[in-house]
Amino acid sequence: MSTGRRQFLKAAGVTGLLGLVGSPLLKIFAPGELEASSEFREGAALTARRWSLVVDMKAFPTEESYTKCIEACNYTHNIPRMDNEKHEVKWIWPETYEHAFPDNYDVYLSENIESMTFLVLCNHCDNPPCVRVCPTKATFKREDGIVAMDYHRCIGCRFCMAACPYGARSFNWRDPRPFTKNVNPLYPTRTKGVVEKCNFCADRLYRGEQPACVEASGGALIFGDLKDKDSNVRNILRTKFAITRKPDRGTLPRVYYIIGGS
Amino acid sequence: MIEKALSGNKFYWAWVCFLLAVIAVGVASYIRQFHYGLGITGMSRDVSWGFYIAQFTFFVGVAASAVMVVMPYYLHNFKRFGRITILGEFLAIPAVVMCMLFIFVDMGQPTRILNVILYYTPNSIMFWDMVALSGYLTINVLVGWTTLSSQQKSVPPPKWVKPLIYLSIPWAFSIHTVTAFLYAGLPARHFWLSAIMAARFLASAFAGGPALLVILCLIIKRITKFDPGEKAIKGLVTIVTYALIVNIFFIGLELFTALYSQVPGHMQTFQYLYFGLGGHGKLIPLMWFSTFLAISAVVLLLVPATRTNQITLLFACASVHISLWFDKGFGFVIGGFVPNPLEKVTEYWPTLNELLVTTGIWSIGLLILTALYRIAISVKVELEA
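Protein chains in written order, with the numbering used here: chain E, 1 to 262; chain F, 1 to 385.
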């Protein structure tokens, strides 16, 4: 009797173990079965081989026109309004020519340029130093060129902030949530201690929408595929003279500025 | 051997208790920072590294400087350093521990620190810094402890120690080179983007570290029965003198390139540090004080009368150490962020909480140093008795 019971228990134990360990094991060894490993895209998603942005300065006549873009971004990504300037979080913000293009500045430039306000943001560089220095791959370059962030992997070492030649990155020096009044439920809020920056609205592209700033710009910001020779951005860049910020750093920025003549 | 750290007179215990108290304040301040976030420090969006990373950089130098006693003794058979080799190795251990702690307290998400290993990224210099520092710590613990316990037992050290000692020599150079590479490869920061950075780091390390060791030797001579030996100290002083002069020479090279070329990006940080930029100049007094100390130390170390007098020697070595502490443990890191990439100036100054965390880490370092030196000196004194 007792042997029988022991054998039964053994058999039950082995079966139980198989049930616990076996079925996930089988799943791992059967590629294609795991849902997480497969790419899921909604049919409407906007895709490109190399996303880029062109800023047409002539189309930004008033303060209101660019403020709309900034506000659209701030809402879309739950950007907190910190009360201390040192703790500021900003993804897209206004600068004068002198600060946006410090290497190309001269006191005798046209008055027109002096009065212009340039929207600056992450350049989604082709050769991004922030990605090169990140010790955890929390910031990475996607196949479509977007330099993205994983807020859950970031350890907050801020090496990327030291490496970015454009000052495009912000750190959450304290809990940002109390400083986000109007929360957009479609995008996560962040925790203290992580770095963040413009993500070219990867989340909106996924849903088939243009980046928030582009949508709000009324045509002043043009977003498109740099590797498609017939794309909107390529057509503009072919005909109009554009500049990028600090091209001498070898980062290959992918945000272009058309300043125009008179 | 470890039991030797647990015995001492009342001054020893008073000192240990004092350190423990400062550590407790540091830990409490860190808990406060942990809950509030790094916003409790003086750092900002523009100056995103501050005192912690600067102190880390400085103490990597102190750690690396152990090689300045190890190399002459083991590689060149410079017998005079035999008495202080262990002091050099045991100085490197708390220095590396402090480096690691300074990195840790600077993390925005310290609980995720293992991501550096889980998602190891060899293209990040920080990965190599982790490898270099933890390797160096292991080597020094193994070598220091094993050689000392062999000495205690009056037996030759085991054979496997020798290769480790030889390995520790290039490894010491590597830790400071890798630390320099953290800065010297960033296209964003003109001030750091300099090929001479690693060499300059090593020169300043080989001045500042041995200077500290001279001070420690003089203290040990006074308060313990162990005499590190005048000849050993003399050897160290020679190293300090040459390394300091080389370091000043390297800074001169930097200044020449920046000021003669007149490239604005290269000049701006120097302008900020020594003369102020756009009306901002919080660091000016520190930088000139550091310069003054370095120059007076060179004079004191070169003149035979002041070099051999213990009081002036102590003063000279303290000047070297403090001068480099201001230069590398403060100005170098902060300066790199001024002006910011948009050529605007945001200034930095550490907050009280930040300083308390820092003094807590120093005290942890001092406590480890005290315990290790207590052990080493007890063993040496017993052997000589």
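For the record, the hints were derived by calculation from the structure and aren't laboratory data.
Keep in mind that the hints are not guaranteed to be accurate.
[Claimed, not checked] Which stretches of chain E does chain F cover? Using the computed rule of at least three CB atoms under 8 Å from a CB of chain F, they are: (1) 43-49; (2) 69-75; (3) 97-104; (4) 171-180; (5) 190-201; (6) 226-240; (7) 248-260.
[Claimed, not checked] Here are the computed distance ranges between Cβ atoms for each label pair: (8) Lys234(F) <-> His152(E): 26 to 36 Å; (9) Leu255(F) <-> Tyr108(E): 54 to 64 Å; (10) Phe256(F) <-> Leu109(E): 51 to 61 Å; (11) Phe34(F) <-> Asn184(E): 25 to 35 Å; (12) Leu109(E) <-> Pro285(F): 51 to 61 Å; (13) Asn184(E) <-> Ile2(F): 50 to 60 Å; (14) Asn182(E) <-> Thr257(F): 28 to 38 Å; (15) Ile2(F) <-> Gly250(E): 47 to 57 Å; (16) Val183(E) <-> Gly278(F): 30 to 40 Å.
In this text the structure is predicted, and so the values were computed from the model without any measurement.
For each residue, glycine too, the CB sits at the ideal point set by N, CA and C.
Item to check | Outcome, coverage of the segment 248-260 of chain E by chain F - at least 3 residues whose beta-carbon is closer than 8 Å to one in that chain | outcome: That given contact holds, which follows from 3 residues of the segment 248-260 of chain E lying within Cβ reach (below 8 Å) of chain F.
Next on the checklist: Quick check: do three or more residues in the segment 43-49 of chain E have a beta carbon closer than 8 Å to a beta carbon of chain F?
Outcome noted: Not satisfied, violated; 0 residues make the cut.
Checklist entry - Is 54 to 64 Å right for how far apart the beta carbons of Leu255(F) and Tyr108(E) are? => result Because 30 Å falls outside the window, the suggested range is violated.
Checklist entry - How does the Cβ-Cβ distance of Leu109(E) and Pro285(F) compare with 51 to 61 Å: does it lie in that range? => result At 37 Å between Cβs, range violated.
Next on the checklist: Between the beta carbons of Lys234(F) and His152(E), is the distance compatible with 26 to 36 Å?
Outcome noted: Roughly 56 Å apart at Cβ, these two residues miss the hinted range, so it is violated.
Checklist entry - Does the segment 69-75 of chain E contain three or more residues whose Cβ lies closer than 8 Å to a Cβ of chain F? => result It is violated: at least three residues are needed, and the segment 69-75 of chain E offers just 0 whose Cβ sits closer than 8 Å to chain F.
Checklist entry - Has the hinted range 51 to 61 Å been met by the Cβ atoms of Phe256(F) and Leu109(E)? => result violated, 31 Å
Next on the checklist: A range of 50 to 60 Å was offered for this pair. Does it hold for the Cβ distance of Asn184(E) and Ile2(F)?
Outcome noted: Taking Cβ atoms as reference, Asn184(E) and Ile2(F) lie about 58 Å apart, which means the hint holds.
Item to check | Cβ distance range 47 to 57 Å for Ile2(F) and Gly250(E), holds or violated | outcome: Cβ of Ile2(F) to Cβ of Gly250(E): about 53 Å, so the range 47 to 57 Å holds.
Item to check | Verdict on chain F covering the segment 190-201 of chain E, criterion of 3 CB contacts below 8 Å | outcome: Holds, because 5 residues of the segment 190-201 of chain E bring their Cβ atoms closer than 8 Å to Cβ atoms of chain F.
Checklist entry - So the hint says 28 to 38 Å: do the beta-carbon atoms of Asn182(E) and Thr257(F) match that? => result violated, 51 Å
Item to check | Within 8 Å of chain F's CB atoms, at least three CB atoms from the segment 97-104 of chain E: coverage verdict | outcome: holds (count 5)
Violated hints, listed in ascending order, are 1, 2, 6, 8, 9, 10, 12, 14; each of the other numbered hints is respected by the structure.
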